[in-house]
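Those protein sequences? They're chains A and B, same order as listed. Going by this note's numbering, 247 is the number at position 247 of the first sequence; the sequence numbering is gapless. Quick note, this note's numbering runs 629 ahead of the 1-based positions in the second sequence.
Because the hints were derived from the structure by calculation, they are not lab data. Where hints are given, some of them may not hold.
Covered stretches of chain B, going by a simulated chain A footprint (3 or more residues, C-beta under 8 angstroms) [unchecked claim]:
hint	region
1	650-660
2	730-743
3	777-789
Chain A stretches covered by chain B per the calculated footprint, using a threshold of three residues with CB under 8 angstroms from any CB of chain B [said to hold, decoys possible]:
hint	region
4	313-322
5	413-427
6	516-525
We treat Cβ as the ideally placed atom computed from N, Cα and C, and that holds for glycine.
Chain by chain, the residues:
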Amino acid sequence: MKRPRKVIIIGGGLGGLWSALRVAEAGFQVDLFSLFEVKRSHSVCAQGGINACFDTKGERDSIWQHTVDTLKGGAYLANQPPVKSMCEEAPGLIHTFERMGVTFSRTAEGLMDLRLFGGVKNRRTVFAGASTGQQLLYGVDQEVRRQESLGRIRKFEWWEFLSLVLDGQDTCKGITAMNLRTLEIKSFRADAVILATGGMGQTYGHRSTNSTNSTGAAACRVYQQGAWFANTEFFQFHPTAMLGDDKTRLMSEAARGEGGRIWVPQDPEDTRRPTEIPEQDRFYFLESWFPSYGNTVPRDVASRAIWRVVHEMGLGVGGEHKVYLDLTHLNPGFIEQRLHAILDIYRKFHGADPVHEPMEIYPSAHYAMGGLWVDFEKDVSSGGMKPGSQRNHATNIPGLYACGECDYGYHGANRLGANSLLSASFSGRVAGEAVAAYLKGLQDDLQTVPEYKYLNEVARQQAINQSLMDSRGEENPYALHHELGELMSSRVGVVRDNDVLRQAIDDLSELEERSLRINLQETNSWSNQGLAYTRQLQEMIRLGRVIAASALARDECRGAHYKPALDLTIPENTYPGDPAYEKYREAWKRQNKDWLKTTIASAGETGPVISYQPVDLSVLSPEEPRDYR
Amino acid sequence: MKTIDFQIRRQDDPYSPPYWQSFSIPYRNGHNVVSALMIIRENPITQEGHHVDPVAWEFNCMEEVCGACSMVINGHPRQACSTLVDTLEQPIRLEPLSKFPVIRDLMVDRSRIFSDLKKVRAWIEIDGAWDIHQGAPRVSPEAWKDNYLYSRCMSCGCCMEACPQYGDTEDFVGPASLAAVRLMNAHPTGQYHKTQRLHAIMAEGGLSDCGNAQNCVRVCPKEIPLTTAIGELGRQITLQMMKDLLGKSE
Ligand SMILES: Cc1cc2nc3c(=O)[nH]c(=O)nc-3n(C[C@H](O)[C@H](O)[C@H](O)COP(=O)(O)OP(=O)(O)OC[C@H]3O[C@@H](n4cnc5c(N)ncnc54)[C@H](O)[C@@H]3O)c2cc1C
Ligand code: SF4
Ligand code: SF4
Ligand code: FES
Numbered sequence: 001m002k003r004p005r006k007v008i009i010i011g012g013g014l015g016g017l018w019s020a021l022r023v024a025e026a027g028f029q030v031d032l033f034s035l036f037e038v039k040r041s042h043s044v045c046a047q048g049g050i051n052a053c054f055d056t057k058g059e060r061d062s063i064w065q066h067t068v069d070t071l072k073g074g075a076y077l078a079n080q081p082p083v084k085s086m087c088e089e090a091p092g093l094i095h096t097f098e099r100m101g102v103t104f105s106r107t108a109e110g111l112m113d114l115r116l117f118g119g120v121k122n123r124r125t126v127f128a129g130a131s132t133g134q135q136l137l138y139g140v141d142q143e144v145r146r147q148e149s150l151g152r153i154r155k156f157e158w159w160e161f162l163s164l165v166l167d168g169q170d171t172c173k174g175i176t177a178m179n180l181r182t183l184e185i186k187s188f189r190a191d192a193v194i195l196a197t198g199g200m201g202q203t204y205g206h207r208s209t210n211s212t213n214s215t216g217a218a219a220c221r222v223y224q225q226g227a228w229f230a231n232t233e234f235f236q237f238h239p240t241a242m243l244g245d246d247k248t249r250l251m252s253e254a255a256r257g258e259g260g261r262i263w264v265p266q267d268p269e270d271t272r273r274p275t276e277i278p279e280q281d282r283f284y285f286l287e288s289w290f291p292s293y294g295n296t297v298p299r300d301v302a303s304r305a306i307w308r309v310v311h312e313m314g315l316g317v318g319g320e321h322k323v324y325l326d327l328t329h330l331n332p333g334f335i336e337q338r339l340h341a342i343l344d345i346y347r348k349f350h351g352a353d354p355v356h357e358p359m360e361i362y363p364s365a366h367y368a369m370g371g372l373w374v375d376f377e378k379d380v381s382s383g384g385m386k387p388g389s390q391r392n393h394a395t396n397i398p399g400l401y402a403c404g405e406c407d408y409g410y411h412g413a414n415r416l417g418a419n420s421l422l423s424a425s426f427s428g429r430v431a432g433e434a435v436a437a438y439l440k441g442l443q444d445d446l447q448t449v450p451e452y453k454y455l456n457e458v459a460r461q462q463a464i465n466q467s468l469m470d471s472r473g474e475e476n477p478y479a480l481h482h483e484l485g486e487l488m489s490s491r492v493g494v495v496r497d498n499d500v501l502r503q504a505i506d507d508l509s510e511l512e513e514r515s516l517r518i519n520l521q522e523t524n525s526w527s528n529q530g531l532a533y534t535r536q537l538q539e540m541i542r543l544g545r546v547i548a549a550s551a552l553a554r555d556e557c558r559g560a561h562y563k564p565a566l567d568l569t570i571p572e573n574t575y576p577g578d579p580a581y582e583k584y585r586e587a588w589k590r591q592n593k594d595w596l597k598t599t600i601a602s603a604g605e606t607g608p609v610i611s612y613q614p615v616d617l618s619v620l621s622p623e624e625p626r627d628y629r
Numbered sequence: 630m631k632t633i634d635f636q637i638r639r640q641d642d643p644y645s646p647p648y649w650q651s652f653s654i655p656y657r658n659g660h661n662v663v664s665a666l667m668i669i670r671e672n673p674i675t676q677e678g679h680h681v682d683p684v685a686w687e688f689n690c691m692e693e694v695c696g697a698c699s700m701v702i703n704g705h706p707r708q709a710c711s712t713l714v715d716t717l718e719q720p721i722r723l724e725p726l727s728k729f730p731v732i733r734d735l736m737v738d739r740s741r742i743f744s745d746l747k748k749v750r751a752w753i754e755i756d757g758a759w760d761i762h763q764g765a766p767r768v769s770p771e772a773w774k775d776n777y778l779y780s781r782c783m784s785c786g787c788c789m790e791a792c793p794q795y796g797d798t799e800d801f802v803g804p805a806s807l808a809a810v811r812l813m814n815a816h817p818t819g820q821y822h823k824t825q826r827l828h829a830i831m832a833e834g835g836l837s838d839c840g841n842a843q844n845c846v847r848v849c850p851k852e853i854p855l856t857t858a859i860g861e862l863g864r865q866i867t868l869q870m871m872k873d874l875l876g877k878s879e
């Protein structure tokens with residue numbers, strides 16, 4: 001009898017769990033690896049909602065408009081066929097979540113309610129109270145548990161992925177992983193591997209909204225084994241994060257969507273309590289600079305506006321790096337119901353009540369648009385992605401797939417709010433189906449891969465552990481991570497400059513060297529957390545170099561990547577048809593000619609090697625610059 | 630210098646005896662227990678000046694939504710990340726949850742929570758995760774409001790810690806798994822398999838093990854109305870028992 005084909009999935013967030021379901025449903029055995037119980041994955045943090053066009057608010061919303069908003073919002077950098085397919089399949093995906101038992105908020109008629117999110121003009125975001133990500137993850141988590149009880153999925157929780165095992169043809173045939181309790185390193189055979197390990201916000205240290213699992217370490221490990229990164233210079237900074245020592249906590253965009261207003265006192269020295277400052281002494285800078293979108297401008301626009309108000313105009317509240325996000329003018333009952341979770345977070349972690357007092361916020365590293373490069377097959381008849389193609393979500397290493405925030409697929413140079421729960425789920429589903437197709441076409445027998453390939457890889461990983469355990473250097477991994485966060489957020493952050501980036505790259509190399517001279521200060525090797533942490537830290541520093549090198553190479557402003565020296569701004573008070581505006585449009589098109597291309601980073605001897613690939617623009621030709629005035 | 634003082638119950642591995650150590654860190658406004666433990670792990674020196682192994686504990690989201698960081702803080706089971714130091718009496722005593730086997734220090738093995746969710750069949754039976762070109766039936770806003778309360782359970786284990794009936798040796802599935810049954814039974818298509826779930830909690834380790842002590846509902850960080858769920862399930866089970874007697878299983 002032929003052995004059943006086996007798939008290893010690494011990561012139990014939305015991406016990983018969706019792919020696990022689709023692989024298991026296709027009849028293949030799944031081994032699911034995660035750093036901890038999958039139900040605790042970072043996906044639970046998402047508060048705001050998930051986009052899908054239902055057009056139930058009388059706004060004539062359309063799937064086409066969702067597609068256009070996503071592509072334009074991403075400054076045309078995303079390959080367009082996958083985006084088209086994602087927007088088309090979004091309503092069906094949400095219906096599937098609904099069938100799984102997700103408690104979406106309801107209208108009086110019992111339909112899924114919709115809310116407005118930043119960067120769009122129509123209500124298109126379904127939500128479950130203010131804990132949408134948690135509810136979505138629990139929906140798939142339950143289904144995975146059901147498959148587990150049927151024996152189709154096996155979980156390896158508290159195991160950390162360390163590396164791929166490649167066969168003689170450099171095809172992926174398994175992994176090595178470390179048991180986080182015993183620190184034992186083992187190899188596992190698999191016919192295909194899906195990486196769904198989430199984002200990389202921890203490269204910005206405590207200046208990120210991400211959970212501790214979002215290190216990007218797993219992606220960086222496969223990068224060093226030959227996988228490409230794409231567009232890592234595009235990092236979204238969430239404009240409205242509450243400040244904190246351990247992490248910055250996101251105040252959902254829904255706060256702006258539901259009517260929240262951002263402002264600073266006209267006079268930064270104003271010592272009055274914010275509620276005592278009369279209207280005429282406040283500066284609602286988003287409303288004044290972007291009259292038609294006002295407070296719901298996309299995130300990068302809001303982040304830079306806050307940066308400008310604080311750094312260029314010196315108007316930060318009390319002279320510090322913060323501005324107000326104000327809900328106090330809204331009906332308390334209404335916001336209590338709609339924004340309960342974020343009100344709760346602010347009360348819990350700041351001790352003040354946003355119903356009565358404006359919140360203090362500042363931009364923070366939030367979402368990586370870039371990630372592992374993945375392929376797609378275009379369906380010529382529909383113009384979308386070909387369903388069931390084994391090329392979809394395949395990395396450049398045969399047999400290795402990637403989905404969720406760790407891939408670079410759908411958001412181009414910037415992501416629309418509420419589009420990443422969608423891309424994580426959708427990409428998981430697509431990747432699962434792609435792997436099923438890959439396995440059906442696979443001829444060779446997994447058992448023919450020689451055992452020494454696995455043993456060698458385990459030995460290499462054990463040697464890394466041993467050298468860290470033995471190291472008696474002077475560096476403290478936790479302090480180094482803090483330094484990394486400060487470096488990345490101040491120099492590879494909201495605003496960028498080539499000289500500063502060059503310096504940052506040098507400093508990152510130095511940090512990497514220092515991270516080898518570590519002292520773990522720990523004798524107990526049982527459930528030793530410092531070792532795993534240090535290994536992740538080293539990857540984050542390497543990843544920081546990839547981000548910085550990609551940012552240095554891209555000499556333009558696009559989406560979240562902003563170099564003021566190269567900014568093309570729309571001349572004030574000009575509109576399409578005006579000569580000055582048309583001149584701007586020409587310059588914008590010239591810039592597209594040079595730079596509308598995907599950044600590819602591959603691991604070279606001395607650091608990242610940068611090259612470029614064309615973008616598939618077959619759905620919407622880039623004629624219209626983004627304009628959020 | 631103003632400090633924050635901790636007494637932490639430590640244990641090197643599942644088989645070794647526990648012991649206590651004291652730590653102090655400089656006071657800072659705004660610390661929560663997780664951010665304070667982060668300061669300790671960076672430089673794990675006891676009050677007596679001994680360099681010791683860093684304290685192991687679990688956390689991920691730091692927003693009280695992943696359920697990872699449960700521990701017993703000054704005698705109460707709660708989430709470390711959302712417990713502000715300023716609201717606590719010092720020295721702050723940190724202990725691992727006592728109803729689960731200790732792995733190391735403040736880390737415990739909560740895998741039982743997840744196997745109990747399997748036991749009570751806390752899922753909706755769907756044909757597959759593919760598109761069937763329609764959604765689930767509508768849900769009234771009132772029903773949604775009730776269901777949503779339960780869907781926020783993050784499997785943190787605090788309610789089980791507080792429950793006198795839940796224990797190391799007992800096989801009672803505990804309040805959270807019961808509330809999950811309440812939630813699944815209320816779903817428009819989940820109710821099709823209500824009988825199976827009810828039978829699961831009518832068996833040993835099910836609802837009848839609950840002594841109605843109401844401790845669970847008082848400690849749940851998500852304010853989930855666990856005892857309301859238990860009450861509702863009691864009524865559902867009574868009906869189910871009548872049906873079973875009449876031989877009319879759905
Ligand atoms: C605060 C916050 C709010 C957000 N709100 C929204 C929103 O409202 N709408 C929206 O669309 N998006 C939102 N997002 C973004 C969205 O939540 C994420 O992009 C998405 O959940 C990522 O899902 P994922 O499956 O890729 O990864 P994750 O959920 O991060 O899961 C990663 C998994 O990988 C595992 N893993 C990682 N490394 C390893 C390893 N080495 N070995 C084994 N396992 C490993 C982890 O254990 C985990 O299970 C928000 C993000 C944040 C930070
Ligand atoms: S009511 Fe009491 S006995 Fe019943 S589950 Fe809650 S704490 Fe346990
Ligand atoms: S019911 Fe509450 S206390 Fe119990 S596991 Fe769920 S969230 Fe935690
Ligand atoms: S760290 Fe997630 S609940 Fe505390």
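| task | Examine the region 650-660 of chain B for residues whose CB is less than 8 angstroms from any CB of chain A, and state whether their number is three or more. | result | Three-residue rule met by the region 650-660 of chain B, so holds; n is 3.
| task | Count the residues of the region 413-427 of chain A whose CB lies closer than 8 angstroms to any CB of chain B, then report whether that count reaches three. | result | violated (count 0)
| request: Test coverage of the region 777-789 of chain B by chain A using CB-CB distances below 8 angstroms; three residues minimum. | output: Result for this restraint: holds, n = 5.
| Stated coverage of the region 516-525 of chain A by chain B [criterion: 3+ residues, CB within 8 angstroms] | n = 4 at 8 angstroms, threshold three: holds.
| Mind checking, does the region 313-322 of chain A have 3 or more residues with a CB under 8 angstroms from chain B? | violated (count 0)
| message | Verify this for me: three or more residues of the region 730-743 of chain B with a beta carbon less than 8 angstroms from a beta carbon of chain A. | response | holds (count 6)
Of the numbered hints listed earlier, those contradicted by the structure are 4 and 5.
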